[in-house]
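Go ahead and model the full structure; you've got the sequences and the hints to work with.
Residue numbers (this note's numbering), protein chains in the order written: chain A, 1 to 556; chain B, 1 to 376.
Just so you know, these hints were derived from the structure itself, not from any lab.
Take the hints with a grain of salt, since some may be wrong.
What the hints assert, rightly or not - Once the Cα atoms are required to be at most 27 Å apart in a straight line, the calculated DSSO-like pairs of lysine-lysine come out as:
(1) A/Lys149 <-> A/Lys553
(2) A/Lys519 <-> A/Lys553
(3) A/Lys520 <-> B/Lys86
(4) B/Lys311 <-> A/Lys520
(5) B/Lys124 <-> A/Lys418
(6) B/Lys49 <-> A/Lys149
(7) B/Lys246 <-> B/Lys124
(8) A/Lys111 <-> A/Lys50
(9) B/Lys344 <-> B/Lys310
(10) A/Lys185 <-> A/Lys519
(11) B/Lys344 <-> B/Lys301
(12) A/Lys255 <-> A/Lys340
(13) B/Lys49 <-> B/Lys301
(14) A/Lys279 <-> A/Lys421
(15) A/Lys519 <-> B/Lys124
(16) B/Lys26 <-> B/Lys344
(17) A/Lys421 <-> B/Lys246
(18) B/Lys311 <-> A/Lys519
(19) A/Lys149 <-> A/Lys520
(20) A/Lys421 <-> B/Lys344
(21) A/Lys279 <-> A/Lys255
(22) B/Lys246 <-> B/Lys301
(23) A/Lys340 <-> A/Lys421
(24) B/Lys86 <-> B/Lys124
(25) B/Lys124 <-> B/Lys49
(26) A/Lys418 <-> A/Lys114
(27) B/Lys246 <-> A/Lys418
(28) A/Lys185 <-> B/Lys342
(29) B/Lys310 <-> B/Lys49
(30) B/Lys26 <-> B/Lys342
What the hints assert, rightly or not - The calculated label-pair distances, taken between Cβ atoms and stated as ranges, are:
(31) A/Phe351 <-> B/Pro77: 34 to 44 Å
(32) A/Phe351 <-> B/Gly249: 23 to 33 Å
(33) A/Met151 <-> B/His60: 26 to 36 Å
(34) B/Glu136 <-> A/Ile153: 33 to 43 Å
(35) B/Cys331 <-> A/Met151: 47 to 57 Å
(36) B/Asp167 <-> A/Leu419: 25 to 35 Å
(37) A/Glu182 <-> B/Val117: 53 to 63 Å
(38) A/Glu182 <-> B/Asp264: 15 to 25 Å
Each residue gets a CB set at the ideal place from its N, CA and C atoms; glycine is no exception.
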Amino acid sequence: MSANTAVTPSTLSQRDLPWQIDWDIRTCTLCGRCTAVCPVNAIEFGTFRKRTIFTPPLGLLDKRTDKPSGQQDRPSSTSSVYYGIRQRTDPAYACIGCAMCNMVCPNNAIKPHKSESTDLLRFHRDRGGQPRTRGGRRNSGDSVLDQIKFMRISMLTDPALDAGRHEFELRTLIGRILPPAEALKTQRENGWMPPVREIYPLMIGSMSFGALSPNMWEGLQMGVAYLNEELGMPVRMCTGEGGCPPRLLRSRFLKYVILQIASGYFGWDEIVHAIPHMKEDPCAVEIKYGQGAKPGDGGLLQWHKVNQLIAAIRGVPPGVSLPSPPTHQTKYSIEEAVAKMIQSMSMAWGFRVPVYPKISASSTSLAVLNNLTRNPYAAGLAIDGEDGGTGAAYNVSMNHMGHPIASNLRDCYLNLVKLGKQNELPIIAGGGTGKNGNLAANAAALIMLGASAVQIGKYIMQAAAGCLGSEGDRCNICNIGRCPKGITSQDPRLYRRLDPEQVAERVVDVYVGFDTELKKIVAPLGRSTSLPIGMSDALGIADRFAAERLQIKYVV
Amino acid sequence: MCRLFSLTSSVPISPMRAIEALDVMKEGHDGSGIGLFLTDLAGPFQDCKHLPILSGIFTHAGLRRMEEFMSSQGFTPGYRLTLEAKESPPPGTPKRDIYLSQVFEPPSAWTDLAPAVRERELTKTRLALRHMGQAEEDMVVFSFWPDVLMIKEVGDPMEIGQYLGLDREEVYAGRILAQGRQNTNYGINLYACHPFFIQGVSTMTNGENTAFVPIKEYLGSQGVPGYEGYQSDSEVFTHILHFTLKGLGLSLEAYKHVITPLQDDDLEAHPDRDFLHTMKQACRRLIIDGPNCVIGCLPDKTMFMVQDRKKLRPGIVGGRPGLFAFSSEACGLDAAIPDRDKSKDFQPMHLDTAIVSPDCQEVRICRQTQPLPHQH
Ligand code: SF4
Ligand code: SF4
Chain A
1 MSANTAVTPS TLSQRDLPWQ IDWDIRTCTL CGRCTAVCPV NAIEFGTFRK
51 RTIFTPPLGL LDKRTDKPSG QQDRPSSTSS VYYGIRQRTD PAYACIGCAM
101 CNMVCPNNAI KPHKSESTDL LRFHRDRGGQ PRTRGGRRNS GDSVLDQIKF
151 MRISMLTDPA LDAGRHEFEL RTLIGRILPP AEALKTQREN GWMPPVREIY
201 PLMIGSMSFG ALSPNMWEGL QMGVAYLNEE LGMPVRMCTG EGGCPPRLLR
251 SRFLKYVILQ IASGYFGWDE IVHAIPHMKE DPCAVEIKYG QGAKPGDGGL
301 LQWHKVNQLI AAIRGVPPGV SLPSPPTHQT KYSIEEAVAK MIQSMSMAWG
351 FRVPVYPKIS ASSTSLAVLN NLTRNPYAAG LAIDGEDGGT GAAYNVSMNH
401 MGHPIASNLR DCYLNLVKLG KQNELPIIAG GGTGKNGNLA ANAAALIMLG
451 ASAVQIGKYI MQAAAGCLGS EGDRCNICNI GRCPKGITSQ DPRLYRRLDP
501 EQVAERVVDV YVGFDTELKK IVAPLGRSTS LPIGMSDALG IADRFAAERL
551 QIKYVV
Chain B
1 MCRLFSLTSS VPISPMRAIE ALDVMKEGHD GSGIGLFLTD LAGPFQDCKH
51 LPILSGIFTH AGLRRMEEFM SSQGFTPGYR LTLEAKESPP PGTPKRDIYL
101 SQVFEPPSAW TDLAPAVRER ELTKTRLALR HMGQAEEDMV VFSFWPDVLM
151 IKEVGDPMEI GQYLGLDREE VYAGRILAQG RQNTNYGINL YACHPFFIQG
201 VSTMTNGENT AFVPIKEYLG SQGVPGYEGY QSDSEVFTHI LHFTLKGLGL
251 SLEAYKHVIT PLQDDDLEAH PDRDFLHTMK QACRRLIIDG PNCVIGCLPD
301 KTMFMVQDRK KLRPGIVGGR PGLFAFSSEA CGLDAAIPDR DKSKDFQPMH
351 LDTAIVSPDC QEVRICRQTQ PLPHQH
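If you want it as structure tokens, here you go:
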């Protein structure tokens with residue numbers, strides 16, 4: 001054994017990695033597809049040496065010489081060389097468990113599996129003094145929303161509704177809704193009525209053009225357009241920071257789009273220039289102050305993803321990282337932001353477009369909300385819980401910061417109830433909805449806790465495009481532009497893998513499926529003519545503290 | 001399911017007539033209570049029509065506390081009717097000390113009060129008594145309003161009617177709402193007996209209101225005195241009607257648009273679409289859900305029936321000029337007004353409001369797709 005192998009502090013064994021590769025020599029044909037597809041170069045062709053020892057069977061006679069064998073054939077050893085797949089253990093190239101290798105292997109000869117013990121890689125992911133940044137999820141499968149049950153079910157005294165046959169009005173309103181007396185007075189006197197949009201309560205949350213690949217973006221937009229125009233479901237999608245392709249801005253599809261402006265103002269030049277040419281108003285404008293996956297942190301589009309197109313739309317040079325500051329640099333407080341930003345955005349479209357801010361769920365949510373209730377131009381509040389996803393954030397922010405959505409939303413809603421303004425200022429909740437696959441149940445729970453609408457990001461990436469990321473730290477390389485599915489990559493070689501038409505089809509499937517499930521939840525609760533916002537008497541949970549905190553029933 | 005029966009008559013009639021109709025409908029009914037709303041009163045109450053009448057149930061101690069409180073507020077007691085039942089109560093009905101209906105002369109300082117202020121003061125007085133009673137459990141106050149009597153009790157409606165002697169002439173009335181209660185989701189509670197009452201507006205319902213919690217939370221947060229209590233999930237219907245009439249200044253025809261707004265296509269085709277669209281959005285928190293038939297009476301003695309959007313509850317209106325009835329079932333109607341033209345009976349569907357005006361001459365059907373009367 002050679003004594004001079006370089007064993008440094010960061011030398012890891014395969015065992016120390018979170019994801020380990022099983023490679024089967026018997027079925028591998030050495031086609032090389034796995035190594036070619038691996039997004040992080042975690043595997044490579046390897047040359048292996050194998051020593052074979054020859055031991056003549058003892059006691060047997062050599063037929064030719066009639067002597068005991070071994071007298072002439074002495075034990076010996078030979079070496080042979082063979083080729084195979086080797087997993088690299090350098091922390092920079094650690095396998096991310098995406099299983100692309102398995103997906104492309106013709107013989108199923110290779111697959112990743114998760115280490116059952118705590119990996120040691122996590123201690124070495126800050127090489128060069130750079131803490132880990134990653135795209136993806138919070139890496140926690142827990143979900144209070146999943147524990148909530150719907151229990152106010154009409155059994156005999158009152159007939160339950162038929163989800164398949166009754167008519168349902170499950171729309172929601174985005175925009176400031178005036179109190180009834182004021183609304184009627186304003187209408188009578190032809191006064192200014194704040195713009196209100198009637199939309200489907202499940203929105204596609206903000207994922208920017210830049211974070212998503214052009215194919216992904218196009219697929220989502222096509223799906224949304226189909227849902228609206230063919231199926232009559234008024235689904236809306238938010239752009240995220242980074243602007244909007246000029247063609248879309250000038251198209252009639254803009255009405256299905258919520259334009260986001262964030263602290264970096266990326267892409268706003270393009271939008272502002274397009275205003276005179278817009279055929280339709282956007283559905284709304286979202287001002288992003290924070291997102292759940294990186295509360296108090298700005299956005300970050302790493303240089304890998306800033307190609308020519310993205311650079312052009314955002315008005316920046318290509319190939320540079322684009323960090324957005326944590327807050328809008330021209331604003332220093334929420335009061336200021338509310339007064340100025342909401343007003344100037346409203347003004348840009350002649351006060352015909354609802355403008356609302358999006359913040360991270362946090363202990364300051366209530367303060368923000370209270371400010372907004374007094375601002376006549378504020379059209380709602382989007383709150384993103386700690387389970388929100390991201391294209392890039394520091395590991396530590398994603399895993400350890402922020403406020404869970406359920407209680408934050410509930411506090412906000414009950415605060416509005418106290419003010420007598422519930423639903424006057426719609427709350428849009430997001431962050432971890434459907435993270436374990438229970439989209440309709442989670443969304444319904446949020447609505448009954450007080451959300452007027454629910455937004456999803458990760459879920460739609462997973463369901464409509466097959467994103468590989470999971471709550472078990474799988475994949476999560478959205479930030480480095482090598483998304484193996486082509487969802488979050490700006491490299492045409494990768495995003496060509498994603499067919500926009502198929503994404504659109506899946507978006508439609510997801511929504512139609514969701515709609516059926518939502519009806520299956522609300523019909524037995526006897527609700528069909530209005531979205532059951534705040535119908536908290538239907539909810540129960542088997543956790544006494546959660547029940548108390550959310551002010552819902554405690555049931556075991 | 002609760003049984004509902006109401007009568008609107010140009011001559012005063014006995015509330016027993018409504019209770020008998022309830023009894024006919026009783027099949028399968030567990031009789032967990034009866035509620036009566038009487039207005040357009042005859043007899044001794046007719047002479048003091050403009051003075052508020054306090055209706056409730058009191059213990060002896062409660063009565064004393066009430067009297068002290070009322071006199072401390074400057075009210076002068078007037079005519080008093082007590083339903084003193086001599087024999088022991090029917091099974092399931094508790095023995096009470098006093099069922100009281102008493103006229104009060106408001107303090108002289110009220111003379112110059114504007115009607116709206118006066119109405120609010122009356123409501124506040126009732127609420128003060130209700131709260132006192134809840135704290136000590138010695139009085140239950142149902143209403144305090146001119147020309148309105150309310151009687152509620154737990155037990156079988158017919159037995160209670162006989163026990164309390166409700167065919168006495170003092171309680172004859174031109175408008176009667178009666179409900180035979182069947183308790184479903186909640187424990188038995190006197191306040192939970194329909195009809196509910198606020199400032200001349202009274203309604204009763206059979207069914208379940210699945211939008212109860214959001215509506216309750218909304219109404220309760222509007223700062224209107226009287227929007228509280230909510231012992232029953234249907235109590236909010238009365239308050240929505242009150243909100244529509246008094247808070248928004250709209251007419252009864254608009255009530256249906258508040259609780260069950262038109263769906264998009266119908267709304268688009270409606271002559272008042274802009275107004276209704278605004279109303280649908282602004283009043284969205286008041287949309288009811290779940291199966292409900294609502295029968296009610298307005299301050300001007302108009303009586304009506306509406307159905308929810310799905311029309312899953314029975315409800316029928318019929319009668320002859322001078323006497324009409326609104327009933328949850330046809331057999332109740334047959335029992336109370338057998339000599340009517342049955343071909344004119346009407347069962348309101350999901351777009352209809354059936355209305356009998358105070359003149360009591362005909363059933364007017366208002367469809368939601370029709371133009372609204374001019375709103376003031
Ligand atoms: S699982 Fe993904 S990262 Fe790991 S070796 Fe296979 S392709 Fe590479
Ligand atoms: S598949 Fe793409 S989008 Fe999904 S986690 Fe991996 S890199 Fe991110």
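Structure-based check of all given hints:
{"no.": "1", "hint": "A/Lys149 <-> A/Lys553", "in the structure": "holds, 10 Å"}
{"no.": "2", "hint": "A/Lys519 <-> A/Lys553", "in the structure": "holds, 22 Å"}
{"no.": "3", "hint": "A/Lys520 <-> B/Lys86", "in the structure": "violated, 55 Å"}
{"no.": "4", "hint": "B/Lys311 <-> A/Lys520", "in the structure": "holds, 20 Å"}
{"no.": "5", "hint": "B/Lys124 <-> A/Lys418", "in the structure": "holds, 21 Å"}
{"no.": "6", "hint": "B/Lys49 <-> A/Lys149", "in the structure": "violated, 53 Å"}
{"no.": "7", "hint": "B/Lys246 <-> B/Lys124", "in the structure": "holds, 16 Å"}
{"no.": "8", "hint": "A/Lys111 <-> A/Lys50", "in the structure": "holds, 23 Å"}
{"no.": "9", "hint": "B/Lys344 <-> B/Lys310", "in the structure": "holds, 23 Å"}
{"no.": "10", "hint": "A/Lys185 <-> A/Lys519", "in the structure": "violated, 35 Å"}
{"no.": "11", "hint": "B/Lys344 <-> B/Lys301", "in the structure": "holds, 22 Å"}
{"no.": "12", "hint": "A/Lys255 <-> A/Lys340", "in the structure": "holds, 24 Å"}
{"no.": "13", "hint": "B/Lys49 <-> B/Lys301", "in the structure": "holds, 14 Å"}
{"no.": "14", "hint": "A/Lys279 <-> A/Lys421", "in the structure": "violated, 34 Å"}
{"no.": "15", "hint": "A/Lys519 <-> B/Lys124", "in the structure": "violated, 43 Å"}
{"no.": "16", "hint": "B/Lys26 <-> B/Lys344", "in the structure": "holds, 24 Å"}
{"no.": "17", "hint": "A/Lys421 <-> B/Lys246", "in the structure": "holds, 19 Å"}
{"no.": "18", "hint": "B/Lys311 <-> A/Lys519", "in the structure": "holds, 19 Å"}
{"no.": "19", "hint": "A/Lys149 <-> A/Lys520", "in the structure": "holds, 13 Å"}
{"no.": "20", "hint": "A/Lys421 <-> B/Lys344", "in the structure": "violated, 45 Å"}
{"no.": "21", "hint": "A/Lys279 <-> A/Lys255", "in the structure": "holds, 9 Å"}
{"no.": "22", "hint": "B/Lys246 <-> B/Lys301", "in the structure": "holds, 15 Å"}
{"no.": "23", "hint": "A/Lys340 <-> A/Lys421", "in the structure": "holds, 23 Å"}
{"no.": "24", "hint": "B/Lys86 <-> B/Lys124", "in the structure": "violated, 34 Å"}
{"no.": "25", "hint": "B/Lys124 <-> B/Lys49", "in the structure": "holds, 20 Å"}
{"no.": "26", "hint": "A/Lys418 <-> A/Lys114", "in the structure": "violated, 48 Å"}
{"no.": "27", "hint": "B/Lys246 <-> A/Lys418", "in the structure": "holds, 22 Å"}
{"no.": "28", "hint": "A/Lys185 <-> B/Lys342", "in the structure": "violated, 44 Å"}
{"no.": "29", "hint": "B/Lys310 <-> B/Lys49", "in the structure": "violated, 40 Å"}
{"no.": "30", "hint": "B/Lys26 <-> B/Lys342", "in the structure": "holds, 22 Å"}
{"no.": "31", "hint": "A/Phe351 <-> B/Pro77: 34 to 44 Å", "in the structure": "violated, 59 Å"}
{"no.": "32", "hint": "A/Phe351 <-> B/Gly249: 23 to 33 Å", "in the structure": "holds, 27 Å"}
{"no.": "33", "hint": "A/Met151 <-> B/His60: 26 to 36 Å", "in the structure": "violated, 44 Å"}
{"no.": "34", "hint": "B/Glu136 <-> A/Ile153: 33 to 43 Å", "in the structure": "holds, 38 Å"}
{"no.": "35", "hint": "B/Cys331 <-> A/Met151: 47 to 57 Å", "in the structure": "violated, 35 Å"}
{"no.": "36", "hint": "B/Asp167 <-> A/Leu419: 25 to 35 Å", "in the structure": "violated, 50 Å"}
{"no.": "37", "hint": "A/Glu182 <-> B/Val117: 53 to 63 Å", "in the structure": "violated, 22 Å"}
{"no.": "38", "hint": "A/Glu182 <-> B/Asp264: 15 to 25 Å", "in the structure": "holds, 24 Å"}
Violation of the numbered hints given earlier is confined to hints 3, 6, 10, 14, 15, 20, 24, 26, 28, 29, 31, 33, 35, 36, 37; the remaining hints are satisfied by the structure.
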